[in-house]
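Visitor: If you want the building blocks of each chain, they are given just below.
2 protein chains.
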Amino acid sequence: MRRYHTLPKDDGFYMPAEFEPHEGCILIWPERADSWQYGGYAARKAFTEVICAIAKSEKVTVCASARQYDNVRSLLPEYVRVVEMSSNDSWARDYAPTFLRNRQGEIRGVDWYFNAWGGLVDGLYFPWDLDNKMATKLCDLLEKDIYDAQDFVLEGGSIHSDGEGTILVTEACLLSAGRNPQLSKEEITQKLLEYLGAEKVIWLPRGVYHDETNEHVDNICAFTAPGEVVLGWTEDPNDPQYPLSESCYQVLSRETDAKGRPFTIHKMPMPTPIHITQEECEGLDWMDGQPTRTPGERLAGSYVNFYIANGAVVMPGFDDPMDQPAKELLQRLFPTREVIQIYARDILIGGGNIHCITQQIPLGR
Amino acid sequence: MRRYHTLPKDDGFYMPAEFEPHEGCILIWPERADSWQYGGYAARKAFTEVICAIAKSEKVTVCASARQYDNVRSLLPEYVRVVEMSSNDSWARDYAPTFLRNRQGEIRGVDWYFNAWGGLVDGLYFPWDLDNKMATKLCDLLEKDIYDAQDFVLEGGSIHSDGEGTILVTEACLLSAGRNPQLSKEEITQKLLEYLGAEKVIWLPRGVYHDETNEHVDNICAFTAPGEVVLGWTEDPNDPQYPLSESCYQVLSRETDAKGRPFTIHKMPMPTPIHITQEECEGLDWMDGQPTRTPGERLAGSYVNFYIANGAVVMPGFDDPMDQPAKELLQRLFPTREVIQIYARDILIGGGNIHCITQQIPLGR
Numbered sequence: 065m066r067r068y069h070t071l072p073k074d075d076g077f078y079m080p081a082e083f084e085p086h087e088g089c090i091l092i093w094p095e096r097a098d099s100w101q102y103g104g105y106a107a108r109k110a111f112t113e114v115i116c117a118i119a120k121s122e123k124v125t126v127c128a129s130a131r132q133y134d135n136v137r138s139l140l141p142e143y144v145r146v147v148e149m150s151s152n153d154s155w156a157r158d159y160a161p162t163f164l165r166n167r168q169g170e171i172r173g174v175d176w177y178f179n180a181w182g183g184l185v186d187g188l189y190f191p192w193d194l195d196n197k198m199a200t201k202l203c204d205l206l207e208k209d210i211y212d213a214q215d216f217v218l219e220g221g222s223i224h225s226d227g228e229g230t231i232l233v234t235e236a237c238l239l240s241a242g243r244n245p246q247l248s249k250e251e252i253t254q255k256l257l258e259y260l261g262a263e264k265v266i267w268l269p270r271g272v273y274h275d276e277t278n279e280h281v282d283n284i285c286a287f288t289a290p291g292e293v294v295l296g297w298t299e300d301p302n303d304p305q306y307p308l309s310e311s312c313y314q315v316l317s318r319e320t321d322a323k324g325r326p327f328t329i330h331k332m333p334m335p336t337p338i339h340i341t342q343e344e345c346e347g348l349d350w351m352d353g354q355p356t357r358t359p360g361e362r363l364a365g366s367y368v369n370f371y372i373a374n375g376a377v378v379m380p381g382f383d384d385p386m387d388q389p390a391k392e393l394l395q396r397l398f399p400t401r402e403v404i405q406i407y408a409r410d411i412l413i414g415g416g417n418i419h420c421i422t423q424q425i426p427l428g429r
Numbered sequence: 065m066r067r068y069h070t071l072p073k074d075d076g077f078y079m080p081a082e083f084e085p086h087e088g089c090i091l092i093w094p095e096r097a098d099s100w101q102y103g104g105y106a107a108r109k110a111f112t113e114v115i116c117a118i119a120k121s122e123k124v125t126v127c128a129s130a131r132q133y134d135n136v137r138s139l140l141p142e143y144v145r146v147v148e149m150s151s152n153d154s155w156a157r158d159y160a161p162t163f164l165r166n167r168q169g170e171i172r173g174v175d176w177y178f179n180a181w182g183g184l185v186d187g188l189y190f191p192w193d194l195d196n197k198m199a200t201k202l203c204d205l206l207e208k209d210i211y212d213a214q215d216f217v218l219e220g221g222s223i224h225s226d227g228e229g230t231i232l233v234t235e236a237c238l239l240s241a242g243r244n245p246q247l248s249k250e251e252i253t254q255k256l257l258e259y260l261g262a263e264k265v266i267w268l269p270r271g272v273y274h275d276e277t278n279e280h281v282d283n284i285c286a287f288t289a290p291g292e293v294v295l296g297w298t299e300d301p302n303d304p305q306y307p308l309s310e311s312c313y314q315v316l317s318r319e320t321d322a323k324g325r326p327f328t329i330h331k332m333p334m335p336t337p338i339h340i341t342q343e344e345c346e347g348l349d350w351m352d353g354q355p356t357r358t359p360g361e362r363l364a365g366s367y368v369n370f371y372i373a374n375g376a377v378v379m380p381g382f383d384d385p386m387d388q389p390a391k392e393l394l395q396r397l398f399p400t401r402e403v404i405q406i407y408a409r410d411i412l413i414g415g416g417n418i419h420c421i422t423q424q425i426p427l428g429r
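Going down the list, the protein sequences come from chains A and B.
Start counting the first sequence at 65; every next residue gets the next number (the working numbering).
Start counting the second sequence at 65; every next residue gets the next number (the working numbering).
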């Protein structure tokens, strides 16, 4: 594994869209007792369903701690690869490398600095050293070279690429005080363009209400094709989500992508607001002398947090009346893929969803 | 990774000779404080020299603990792959899989049961659970299928294959009380033939004097070509090694290999007897309330403990008058390969040598 200190864009590398062909997918086994309630058994079940749904159409590598290796190797089917790798938690989207490709099909990773969604300002746990090492470990394991971007704080869940020069982010996240406060919006734009080999960054103002990642874009808006997005949407003006979605809609409806195309915006219903229960909270370890979550706290549930596999779209379900319309919308937008809906409340309790726990490796060499 | 419970021989798999082409080599970073003196810094240096010598002609993967990963990734050159993997010590020969190949070039591993060279009878440390998991972890990582032989105790260093049906072992090791005492010599022969896809097992009586592995074959005798071996040898009849080498010579000079060929036996000089010093012993942690080694204890030094890489033979040196003649013999026997001699006292103190810390992956798919 070579470590590059050059700029990917200068070297002809760019971030493909998630809907382009994959070599495979990376996930991390859930174990952290202050993230996954009651020892993580329900989360494991949900993760396993996600893993198996993805493994139907692409290779899946699951990272497991030394402690959990035996158990994971026994629980998962033989066609899933399990590798030993230590981490602080299980958000492959945010700390596995962002993979780039060049026109010759070579794949390289980007190693952003990960600081647990805000570092000492408003990060969600401490320390985050093992997470921050994962991009390097994974590139070495996969025999891909890597770009060093350790001077820039970023998580994979805070960016989306259309593979044709357009990057989607949220201001709420990328301009937050716990990320790169020393950089201006223009400088951050520049970094993104250089490291993702892109032409244009679309800044959505906000994400999902009460999303503790400072409102990652991958929970509110996603490309489904070049020039087409789904946007998390509520029709209830009294829902605090309403102005957030509305602000994104305003930007998207006025903007064009890097190729000059206006966006086709598909409004994706949001599930009925989801709140964590007392019983669920009691199944979470405390952290730094504090309960991890408070009973009644709203969780940032969204159907937009789906993963596009080679042959499937794997999306969350919440046992909610909106599950079916959301699924139908995605099935219409991805007519060649099977839409697989997985009950994901037990992932949501950890703070994210299916897109957050996955990271695709684009097809290449 | 599929796990097979069939017999490799029935499936057409056999163990290639080490001098056949390799895809690569596996090593494990030294860390155990009761094996590697003074925090292992001297051992690391020797391991690094071995790694770099091998990496000149084949891919090298080094397994490092989570604790040491950063350091190892920083110390080793970029072209060496470093993966996180936990282990109890650093003997890849003995707990990495024994790799087999079939006539179509498919590679599979064998997962023997590892019990630290004798388990509760005369094993060298406890526990050995992480070592015993490594074969599975490595096959999964390398995307090779694996044969389950967990009902049979064996270390890779206790077998040699000529790739043409002949297996070399020692009675001292394979018939020891800490291995498979419930099996007769005939039953063990049968197991070896079935799992290594071989036709004939040659049982040498003994190995190197005071070799704590119960005298692994890889320290006393090795194939250099089909029908040709080097045998560790001393001309001093007062050396306790003398009768041991002599007993092996007697067997080899009367035996034929699986193809019916008599053996050409090259007598390889042994280094002048090597004894551990007081200072070296003081640099080793104690284990179970006992010092690990005793000052003046003889170490099982041998030039036979070399590794055959694609383009090199990497052999130990001991700053001994015999270093040069031993090197010249190997250079004569491997005229197309560069013989690289590495000062290896700091590996020997751990209880083995260069062959013991390596495991080849045959070329294939």
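The set of hints was computed from the structure by calculation and includes no laboratory data.
Misleading hints may appear alongside valid ones.
Stated by the list, open to error - No more than 25 Å apart at the CA atoms, straight line, and that leaves these computed lysine to aspartate or glutamate pairs for DMTMM-like:
{"no.": "1", "chain 1": "A", "residue 1": "K331", "chain 2": "A", "residue 2": "E292"}
{"no.": "2", "chain 1": "B", "residue 1": "K123", "chain 2": "A", "residue 2": "E84"}
{"no.": "3", "chain 1": "B", "residue 1": "K123", "chain 2": "A", "residue 2": "E292"}
{"no.": "4", "chain 1": "A", "residue 1": "K331", "chain 2": "A", "residue 2": "E84"}
{"no.": "5", "chain 1": "B", "residue 1": "K120", "chain 2": "A", "residue 2": "E207"}
{"no.": "6", "chain 1": "A", "residue 1": "K123", "chain 2": "B", "residue 2": "E170"}
{"no.": "7", "chain 1": "B", "residue 1": "K323", "chain 2": "B", "residue 2": "E292"}
{"no.": "8", "chain 1": "B", "residue 1": "K123", "chain 2": "A", "residue 2": "D383"}
{"no.": "9", "chain 1": "A", "residue 1": "K264", "chain 2": "A", "residue 2": "E207"}
{"no.": "10", "chain 1": "A", "residue 1": "K123", "chain 2": "B", "residue 2": "D209"}
{"no.": "11", "chain 1": "B", "residue 1": "K120", "chain 2": "A", "residue 2": "D209"}
{"no.": "12", "chain 1": "B", "residue 1": "K391", "chain 2": "B", "residue 2": "E292"}
{"no.": "13", "chain 1": "A", "residue 1": "K120", "chain 2": "B", "residue 2": "E170"}
{"no.": "14", "chain 1": "B", "residue 1": "K120", "chain 2": "B", "residue 2": "D98"}
{"no.": "15", "chain 1": "A", "residue 1": "K323", "chain 2": "A", "residue 2": "E228"}
{"no.": "16", "chain 1": "A", "residue 1": "K123", "chain 2": "B", "residue 2": "E87"}
{"no.": "17", "chain 1": "B", "residue 1": "K73", "chain 2": "A", "residue 2": "E142"}
{"no.": "18", "chain 1": "B", "residue 1": "K123", "chain 2": "A", "residue 2": "E228"}
{"no.": "19", "chain 1": "B", "residue 1": "K109", "chain 2": "B", "residue 2": "E310"}
{"no.": "20", "chain 1": "B", "residue 1": "K249", "chain 2": "B", "residue 2": "E310"}
{"no.": "21", "chain 1": "A", "residue 1": "K120", "chain 2": "B", "residue 2": "E263"}
{"no.": "22", "chain 1": "B", "residue 1": "K323", "chain 2": "B", "residue 2": "E113"}
As the list claims (entries may be wrong) - Estimated spans, in silico, between C-beta atoms of each pair:
{"no.": "23", "chain 1": "A", "residue 1": "H330", "chain 2": "B", "residue 2": "D75", "range": "47 to 53 Å"}
{"no.": "24", "chain 1": "B", "residue 1": "S138", "chain 2": "A", "residue 2": "D74", "range": "21 to 27 Å"}
{"no.": "25", "chain 1": "B", "residue 1": "S138", "chain 2": "A", "residue 2": "P355", "range": "36 to 42 Å"}
{"no.": "26", "chain 1": "B", "residue 1": "D75", "chain 2": "A", "residue 2": "P385", "range": "32 to 38 Å"}
{"no.": "27", "chain 1": "B", "residue 1": "E346", "chain 2": "A", "residue 2": "E251", "range": "39 to 45 Å"}
{"no.": "28", "chain 1": "A", "residue 1": "E142", "chain 2": "B", "residue 2": "A289", "range": "51 to 57 Å"}
{"no.": "29", "chain 1": "B", "residue 1": "S138", "chain 2": "A", "residue 2": "Y407", "range": "40 to 46 Å"}
{"no.": "30", "chain 1": "B", "residue 1": "Q168", "chain 2": "A", "residue 2": "K249", "range": "41 to 47 Å"}
{"no.": "31", "chain 1": "A", "residue 1": "R131", "chain 2": "B", "residue 2": "D75", "range": "31 to 37 Å"}
{"no.": "32", "chain 1": "B", "residue 1": "S138", "chain 2": "A", "residue 2": "E251", "range": "25 to 31 Å"}
{"no.": "33", "chain 1": "B", "residue 1": "K323", "chain 2": "A", "residue 2": "E142", "range": "32 to 38 Å"}
{"no.": "34", "chain 1": "A", "residue 1": "G183", "chain 2": "B", "residue 2": "P141", "range": "56 to 62 Å"}
All values reported here derive from a predicted model rather than from experimental measurement.
The beta-carbon is built from N, C-alpha and C at its ideal position, and this holds for glycine as well.
Visitor: Take the hints in turn and mark each one as holding or not.
Guide: The hints, checked one at a time:
1. A/K331 <-> A/E292: holds (11 Å)
2. B/K123 <-> A/E84: Violated, at about 31 Å.
3. B/K123 <-> A/E292: violated (44 Å)
4. A/K331 <-> A/E84: Roughly 23 Å separates the two Cα atoms, so the pair holds.
5. B/K120 <-> A/E207: holds (17 Å)
6. A/K123 <-> B/E170: Judged against 25 Å, a Cα distance of about 19 Å means the pair holds.
7. B/K323 <-> B/E292: Holds: B/K323 and B/E292 sit about 12 Å apart, inside 25 Å.
8. B/K123 <-> A/D383: Given that 25 Å is the threshold and the Cα spacing comes to 50 Å, the pair is violated.
9. A/K264 <-> A/E207: violated (30 Å)
10. A/K123 <-> B/D209: Judged against 25 Å, a Cα distance of about 15 Å means the pair holds.
11. B/K120 <-> A/D209: Holds - the C-alpha atoms of A/D209 and B/K120 are around 19 Å apart, at most 25 Å.
12. B/K391 <-> B/E292: This hinted pair holds, its Cα atoms lying about 17 Å apart.
13. A/K120 <-> B/E170: Distance of about 24 Å is within 25 Å: holds.
14. B/K120 <-> B/D98: violated (31 Å)
15. A/K323 <-> A/E228: holds (7 Å)
16. A/K123 <-> B/E87: Holds, at roughly 22 Å.
17. B/K73 <-> A/E142: holds (22 Å)
18. B/K123 <-> A/E228: violated (36 Å)
19. B/K109 <-> B/E310: violated (35 Å)
20. B/K249 <-> B/E310: With Cα atoms ~22 Å apart, B/K249 and B/E310 stay inside 25 Å; holds.
21. A/K120 <-> B/E263: violated (41 Å)
22. B/K323 <-> B/E113: Since the Cα atoms of B/K323 and B/E113 sit roughly 37 Å apart, the hinted pair is violated (cutoff 25 Å).
23. A/H330 <-> B/D75: 47 to 53 Å: holds (52 Å)
24. B/S138 <-> A/D74: 21 to 27 Å: holds (26 Å)
25. B/S138 <-> A/P355: 36 to 42 Å: With a Cβ separation near 39 Å, B/S138 and A/P355 satisfy 36 to 42 Å, so the hint holds.
26. B/D75 <-> A/P385: 32 to 38 Å: Violated, at about 54 Å.
27. B/E346 <-> A/E251: 39 to 45 Å: Since B/E346 and A/E251 have Cβ atoms about 56 Å apart, the given range 39 to 45 Å is violated.
28. A/E142 <-> B/A289: 51 to 57 Å: violated (38 Å)
29. B/S138 <-> A/Y407: 40 to 46 Å: About 44 Å separates the Cβ atoms of B/S138 and A/Y407, which means 40 to 46 Å holds.
30. B/Q168 <-> A/K249: 41 to 47 Å: violated (58 Å)
31. A/R131 <-> B/D75: 31 to 37 Å: Roughly 34 Å apart at Cβ, these two residues keep to the hinted range, so it holds.
32. B/S138 <-> A/E251: 25 to 31 Å: holds (30 Å)
33. B/K323 <-> A/E142: 32 to 38 Å: holds (37 Å)
34. A/G183 <-> B/P141: 56 to 62 Å: violated (32 Å)
Comparing the model with each earlier hint shows violations of hints 2, 3, 8, 9, 14, 18, 19, 21, 22, 26, 27, 28, 30 and 34; every other hint is respected.
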